[in-house]
Amino acid sequence: MAKISMTVNGKTVSGDVEPRTLLVQFIREHLGMTGTHVGCDTSQCGACNVHYNGEAVKSCTILAVQADGSDVVTIEGLAKPDGTLHPMQAAFREYHGLQCGYCTPGMVMVAVDIARRLPCADEATVREELYGNICRCTGYQGIVEAVMAGSEAMQTGVLPLKDHH
Amino acid sequence: MYNFEYRRAQSVAEAAKLIKEADDGKILAGGMTLIPTLKQRLAQPSDLIDIGKIAELKGISVSGKTLTIKAMTRHFDVHSSPEVKKAIPALAVLAGGIGDPSVRHRGTIGGSTANADPAADYPAGIVGLGATIETNKRKIAADDFFTGLFETALEPGELIIAVHFPIPDKAGYLKFAHLASGYATCGVMVSKTGNQVRVGVTGAGPNAFRVPEMEAALAKTFTPDAIANIKYPADELLSDMHASAEYRAHLVTVIAKRAVAAALA
Amino acid sequence: MDMSGEQRIPAPQQMVWDSLYDPEVLKLCIPGCDSVEKTSETEFTAKVVVAVGPVKAKFTGDVSLLDIDAPNSCTISGKGNGGIAGFGKGNAKVELTADGNDTILKYTAQASVGGKLAQIGARLVDSTAKKLADEFFKRFVAHMTEKAASGRA
Amino acid sequence: MGQYGIGQPIRRKEDARLLTGNGRYTDDVNLDGQVYVYFLRSPYAHAKINAIDTTDALAAPGVIAIYTSADIIADGVKPIPCEANAKSLKGVPLFKPPRHALAFERVRYAGEPVAMIIAESVNAGKDASELIQIDYEELPAIADTSRLADADAPLVWDTLGSNVGLHWETQESAVSEAIFKSAHKTVELKLLNNRLVGNPMEPRCAVSEHDPKTGRTTLYAPSQGGRRVINAIAKEILNVPPQSLRMISLDTGGGFGIRSKTYPELVLMVWAARKQTRPLKWRADRGETFVSDVHGRDQSTKASAAFDKDGKLLAVRNETIVNVGAYLSENGAILAMMGGGKIMGTAYDVPVLYFSVKSCFSNTVPTDTYRGAGRPEVNFIMERLMELGAQAFGISSIEMRKRNFIREFPYKTQMGCLIDSGDFPGTLDMTLDKGDYAGFEKRKAESKARGKLRGIGIGYYVEGAGGRPVEEMRVRFEKDGKVKIFAGTFSHGQGHDTVYSQLLNEYLGVDASKVELIQGDSDTSPKGAVGTFGSRSSMMGGVAIKRASEAIVEKGKKIAGHLMQTEPSKVTFKEGVFHGGTSSVTLEVVARAAQDPSKLPEGMEGPLDESYYYERQGESQNFPNGCHLIEAEVDPDTGTVEIVKFTAIDDCGTVLNPLIVDGQVLGGIAQGIGQALVENTIFDNETGQLLTASFMDYGMPRASDFPMIGIHFNSVPSPTNDLGVKGAGEAGACGAPPALVHAALDALKEYGIRHIDMPLTPEKVWRAIQAAKSGKAA
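Chains as they are written, first to last, in the working numbering: chain X, 1 to 165; chain E, 1 to 265; chain H, 1 to 153; chain S, 1 to 778.
Looking at chain X on its own, in the form it has when it is part of the complex:
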């Protein structure tokens, strides 16, 4: 067993883990935060995305011991404590960027990461940047629109609303 400690959503947490424990297992099973999901075994689907030292990573492909001392933000850490959604979360709702919700936490974490790195990304870039996140429900259209609108909202504070036919 190894003693580890890290910051998760602003709070210091620690635990005793086997070296083989994955970061996602530490988050879900040790910390009981189940918003981060596991959808595959091969680092393809992105349902487990979290922010690790400020960058999107797949928490199913990092050992918890590797993450010792790091700063982690999960989907639970995005909205304000009063429940106000993060602009990207609001954008996913506005643009119907989710259906079953399983890929959604990872998708949103990656979307925030894209918006930070590439605040003015065009549609084609957003689609490329989403390569590591699989959604089986939405056909991605609502997600792509949400990432672009949420990105704008993160900069301007105003979420452009969906114009519906």
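Rather than coming from a laboratory, the hints here were simulated on the basis of the structure.
As the structure is a computational prediction, the values presented were derived from the model and not from experiment.
Note that CB positions come from ideal geometry on N, CA and C, so glycine has one too.
Possibly wrong hints are sitting among the right ones.
[What the hints assert, rightly or not] Straight line, CA to CA, 25 Å or less: simulated PhoX-like cross-link-like pairs of lysine-lysine:
| no. | chain 1 | residue 1 | chain 2 | residue 2 |
| --- | --- | --- | --- | --- |
| 1 | H | 131 | H | 147 |
| 2 | S | 126 | H | 58 |
| 3 | H | 47 | S | 444 |
| 4 | H | 47 | E | 26 |
| 5 | S | 434 | S | 444 |
[Said to hold, decoys possible] Selected chain E positions facing chain S (Cβ under 7 Å, derived; list incomplete):
| no. | residue |
| --- | --- |
| 6 | 179 |
| 7 | 180 |
| 8 | 181 |
| 9 | 222 |
| 10 | 241 |
| 11 | 243 |
| 12 | 254 |
Add chains E, H and S to chain X, keeping to what the hints say.
Chains E, H and S in isolation, oriented as in the chain X frame:
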């Protein structure tokens, strides 16, 4: 996953010592291939020696006509580095096409190079640019480094420290990605320095290789058309359910042409 | 997956033939082989570690010689159980013909895997099998060359 | 009514919870003292089990129990039943081999569960599984669909004598053969409809717990409505009273038709929980999901069409081999006829139909319903025949379709299905308009300048939605003013909470925030609960809610009249308020009064709650239809096909919430494009191994595979249900595949390539081009 001892090395020397001491140790760099493999129980190392946090293994620098990328530099850093973009933009393109953004935030040039997956991107870059691999023991020329399917010239306990890329006049990288995995079904790095041309191919064979006939033709005329009729023999290439050797052989020519066009763009 | 090859071995045909039955030779030549034990005149059990890139799977299995036409041809058939990784099996039809003091060894081999190895490793199975077969016959030829040269028959 | 009622693009109520990590999926359930289940699966596609030795494994650390088929059979656990029924023309019924939850005597597909290991941890279970010794004797395997019915094919079930479990036909073959002989022109095509792996993003998972005090067992598992599953387990497999079992489905991460099956693992989780003192948890990884979820499609077809001199269809013949896998899952053997056959002919007037289905066994994972379940297959066939017909007559694809469209409704298909409504020519014209068909040639020239071949393709589809003809919904008024809907349907991404709230807002004036959807618990769901599949929830659940609402209003009028001292016949109801003379009283007040016997009219009993068991007339479904238009660019050097423009016009009847209907159509399109472009399920034909069992090898559609898709509606409300709704979920899966294949073939027109089987992988397309260049066109 089977259990193992986890050791975090603080220096290259310590890592070398730990791997030597371990019963059946394995170096953990970015972990993007190793961890999924362990999750499937397809390997059972006694120890993982984590070199991901060794400071002396990180960084990108340019000295004279050489771009040096330390082993634990991540794909994301190579992709977004102003030095790389200025010195060898094609290498930034290559790094930006590996996996996906989250994978690029973890995966490293040293890990990828040492793993020598036949479909990884870096081997094409290393061979096509004529890089030198610096280890904790020696320097190995690109042409001597990739020796077979997942096989390199690295000896047990030998660690990659850095990859030194000579800065070419022109270079272009293009890959034909597999639909599911994004790995290269065929990826080609073409570089031109003076009248020397190198063509490095990944994804098509058991390991990255050069295409001398194309290099000779391109040395004379550096245009896509110069290699349009040069075919690589299919019987030396990989064949699997995703792409036959015949198709891969065809792709070598098509992708090489496009890499030349990218170098000229 | 079919593989084939042809090798010239600078050793007499009978010596080559006998070596195919020799557990020590098999152990030396099967890549990653930890042990070979003879269980009958034509059957062996073996422990083999197949290491390809990050994968390192341990197999325990049987090797048997079938369709024997001494000293001209036989089929070497092997099957290994890799636990959670699944199983691997293969067979190689080997033909020996004398050419002066040398022996020409021809083989055609097939290999397949099952379980997890097939499900997630399919892209690498054929090239790995080819690599292992090449390696086996390379080692076999090297060993026979040395053995013939040292005159220990 | 107003901005929260029917037709509004209301943002989903579900989203805030799901977006903040507060969704609750089965894997999020952890019960005190739970132990872990691991299933050891067969590495062989076909083998005899000579012996299983669990001695060493049982002695391994942390192991609690190991079960094999001997244990479950000794305990009286019955094989999993298949309720599907069908007969051949001669009356030979579908062959139903026994399917034990754990492999019995033989394994028949790679991935079949052989042993169940219960241990203190997942790793302890996996460690122990490696110690189980199984003596397998490998047998010849068969996976190749087109070969299943061959006389020399290895047999999956010896006692059957062949692999054909059922040969079903609409009529004697000779009837149509005669027409083909005298037809002006005929066209014929052989094609494979590729097998798909459903891959909801939430992998398989189950948690089970037995309470010895009450004698009840609770199973948590994702589903599409678990009532039928848990009933089957109780009544037909474990032989225990249904009320002794409870199934709870929490948030479910996608369904697509494959979720509500009586899977072996679910049977075992319930059975083993009753043997154990601690709760059990099982979570499959993706690789396990690939070989344990039922697969979809997988048909090999020979189809032909006969035309008169005007290009009008005279007859269609369709002979299909369906690969049902090693065992019968629920509907695998009959979906080609019951799902597909019913609408064969799709949008076109087919006077004579010969439809033959051979449902055949193979050494592969069982197949069953997946997004469209039979309809995408027949739509693909019909569209390909229309395209070949157009080529044979030298007329445009549009003209060919227009000559054959059904124009009068209701239209009775050759299998007796009554297509109620539609505007097929209008929908086609609208598609051409919205998709700027007229501007295609210009865009093609522009693509050509970039070295790309551009093609345009149509996929017109008709599908039959609605599924089983019964569903029940209950509306209950709570003391705190909340209104609960107890649903027989099950939302697993479709936004029912939002849409049903809209309905209650429309019909009862209830504020959406006060509506709460209760679903997925066999203890509380209505007796007539069926579930959500086949685009049925609005049509069945929605109508039931409307009718329950009407009953509530009628009853409410009487109570309100009593409260207001007004004749009930003079009470009116509008936007949540009962009016009588100059008085008025809100529904909320009436609902509260209904719980107080002193406030009720004489002889009336409270509460105001209503349950409505909706039984649709006969087997009538509804018939969503539409036209999908795709422009694709082919790179002739690599064979890569890229979608560059996509316009979809769908007739989903009345649209309750356009935001959600758009989402359903887009999701279906993505799965349709997945089938046509990237989803390649490959078995080794000699060993029966599934070679594409991870996202590394099985191509899942990604964001970069699509352009922005133009979605529009040409709504013709269905006259056969109160809401006028038609399904939306399967539309894209039916329309997109033929549209894409036609676009690619159109792009390759200069090579004269007649057909390429899906998925259109680059190498396949490249090979077709090479073959055409060398004069060996397919």
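Here is what the structure says about each hint:
1. H:131 - H:147: Satisfied, since the Cα-Cα distance of roughly 24 Å is no more than 25 Å.
2. S:126 - H:58: holds, 16 Å
3. H:47 - S:444: violated, 61 Å
4. H:47 - E:26: holds, 22 Å
5. S:434 - S:444: holds, 17 Å
6. 179: Result: holds, 4 Å to nearest chain S Cβ.
7. 180: With Cβ-Cβ at 4 Å, under 7 Å, it holds.
8. 181: Holds: closest Cβ of chain S sits about 4 Å from residue 181 of chain E, inside 7 Å.
9. 222: Violated: closest Cβ of chain S sits about 20 Å from residue 222 of chain E, beyond 7 Å.
10. 241: This hint holds: residue 241 of chain E lies near chain S, its Cβ roughly 5 Å from the closest one there, short of 7 Å.
11. 243: holds, 6 Å
12. 254: With a closest approach of 5 Å, the residue 254 of chain E hint holds.
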